[in-house]
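Model the full structure from these sequences, guided by the hints.
Listed here are the chains, written in short residue letters.
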Amino acid sequence: TQLLEQSPQFLSIQEGENLTVYCNSSSVFSSLQWYRQEPGEGPVLLVTVVTGGEVKKLKRLTFQFGDARKDSSLHITAAQPGDTGLYLCADSGSARQLTFGSGTQLTVLP
Amino acid sequence: NAGVMQNPRHLVRRRGQEARLRCSPMKGHSHVYWYRQLPEEGLKFMVYLQKENIIDESGMPKERFSAEFPKEGPSILRIQQVVRGDSAAYFCASSPMGSEGYTFGSGTRLTVV
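So the sequences go chain by chain: P and F.
Under the working numbering, think of the first position of the first sequence as 1, with each following residue one higher.
Under the working numbering, think of the first position of the second sequence as 1001, with each following residue one higher.
Hints are computed from structural coordinates only; laboratory data are not their basis.
Idealized CB from N, CA, C, for every residue including glycine.
Among the clues, some could well be false.
[Unchecked claim] Computed cross-link-like contacts, DSBU-like style, restricted to lysine-lysine with a CA-CA straight-line distance of at most 35 Å:
(1) F:Lys1044 <-> F:Lys1062
(2) F:Lys1027 <-> F:Lys1071
(3) F:Lys1071 <-> P:Lys70
(4) F:Lys1044 <-> P:Lys57
(5) P:Lys56 <-> P:Lys70
(6) P:Lys57 <-> F:Lys1027
(7) F:Lys1027 <-> P:Lys59
(8) F:Lys1071 <-> F:Lys1051
(9) F:Lys1051 <-> F:Lys1062
(10) F:Lys1044 <-> P:Lys59
(11) F:Lys1027 <-> F:Lys1044
(12) F:Lys1062 <-> P:Lys70
(13) P:Lys59 <-> P:Lys70
(14) P:Lys70 <-> P:Lys57
(15) F:Lys1051 <-> F:Lys1027
(16) F:Lys1071 <-> F:Lys1044
(17) F:Lys1062 <-> F:Lys1027
(18) P:Lys56 <-> F:Lys1027
(19) F:Lys1044 <-> P:Lys56
[Stated by the list, open to error] Rough simulated footprint, nothing fancy, chain P against chain F, three-plus residues with beta-carbon under 8 Å:
(20) 1020–1027
(21) 1045–1059
The structure is reproduced here in structure tokens:
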């Protein structure tokens, strides 16, 4: 059974600071997805990465996929209160079901 | 184009009652998935359905839980004889055929009292 570990579990920073959160898998990812979930809502897909070493940018968010496809990082530049939420990584696997990590709860203080 | 619609948003049931959770996928999406999010835990896969077919129910508890996606109408997740441990947020997601991209609904928060 694949295990996804996310770190840190909780992160509280001031507006304007930079941060990085991590996702590590016990086995090679099929394809890695990052989601953000706000309180009372469902997860929203941010990005899908497939190729080892791939880097994708989404405005102030930079997603990096490890060369061995077993780890990933999400870097946020100049964080804003609107970035607050639960950041989840997930592997799509081969059976169309997603395996999620337990998430990083980010709070950006104004 | 409306997103994935789940209702009710909140559901309170007494122990032993039945809970029925509904999910209407996005227009054009033929795949539906149900996930459960327990307090302090991540999202866990329950079941994957296409119209009139259960494709993968490996995440469903063996008893009391069932799911369907009829030819007409929404997908239904049914929990019989609910217990306190069933209290959780239940999320539905949908995707078009051949795509790994999911769109999640806002969830149904079930509270068993």
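Against the structure, the hints come out as follows:
For the suggested pair F:Lys1044 and F:Lys1062, the alpha carbons sit about 15 Å apart, so the restraint of at most 35 Å is met. For the proposed pair F:Lys1027 and F:Lys1071, the alpha carbon gap of about 14 Å is at most 35 Å, so the pair holds. With a C-alpha separation of about 40 Å, the suggested pairing of F:Lys1071 with P:Lys70 is violated against the 35 Å cut-off. For the proposed pair F:Lys1044 and P:Lys57, the alpha carbon gap of about 28 Å is at most 35 Å, so the pair holds.
At roughly 16 Å between alpha-carbon atoms, P:Lys56 and P:Lys70 fall within 35 Å of each other, so this suggested pair holds. As the CA atoms of P:Lys57 and F:Lys1027 are separated by approximately 29 Å, the hinted pair is consistent with the 35 Å bound. Straight-line distance between C-alpha atoms of F:Lys1027 and P:Lys59 comes to about 29 Å, which keeps the hinted pair within the 35 Å bound. Under the criterion of a C-alpha separation no larger than 35 Å, the hint pairing F:Lys1071 with F:Lys1051 is consistent with the structure, at around 6 Å.
Restraint check: the Cα-Cα separation between F:Lys1051 and F:Lys1062 comes to about 22 Å, which is no more than 35 Å; the hinted pair holds. Between F:Lys1044 and P:Lys59, the direct Cα distance comes to roughly 29 Å. Compliance with the 35 Å bound is thereby established for this hinted pair. For the given pair, F:Lys1027 sits about 25 Å from F:Lys1044 by alpha-carbon distance, which is consistent with the 35 Å threshold. Among the hinted pairs, F:Lys1062 with P:Lys70 is consistent with the structure: their alpha-carbon atoms are about 32 Å apart, no more than 35 Å.
Of the supplied pair hints, the one linking P:Lys59 and P:Lys70 holds, its CA atoms being roughly 24 Å apart against a limit of 35 Å. Taking the CA atoms of P:Lys70 and P:Lys57, the gap is near 19 Å; set against the 35 Å cutoff, the hint holds. At roughly 13 Å between alpha-carbon atoms, F:Lys1051 and F:Lys1027 fall within 35 Å of each other, so this suggested pair holds. The suggested pairing of F:Lys1071 with F:Lys1044 holds, with an alpha-carbon distance near 26 Å, which does not exceed 35 Å.
A distance of roughly 31 Å separates the Cα atoms of F:Lys1062 and F:Lys1027; the hinted pair therefore holds under the 35 Å criterion. About 29 Å separates the Cα atoms of P:Lys56 and F:Lys1027, which keeps this hinted pair within 35 Å; it holds. Pair hint F:Lys1044 plus P:Lys56 holds up; C-alpha atoms about 26 Å apart against a cutoff of 35 Å. Only when three residues or more bring their CB closer than 8 Å to a CB of chain P does the claim for the segment 1020–1027 of chain F stand; here the count is 0, and the claim is violated.
Under a criterion of three residues with beta carbons nearer than 8 Å to beta carbons of chain P, the stated coverage of the segment 1045–1059 of chain F is upheld, 6 such residues being counted.
In summary, the numbered hints that this structure violates are 3 and 20.
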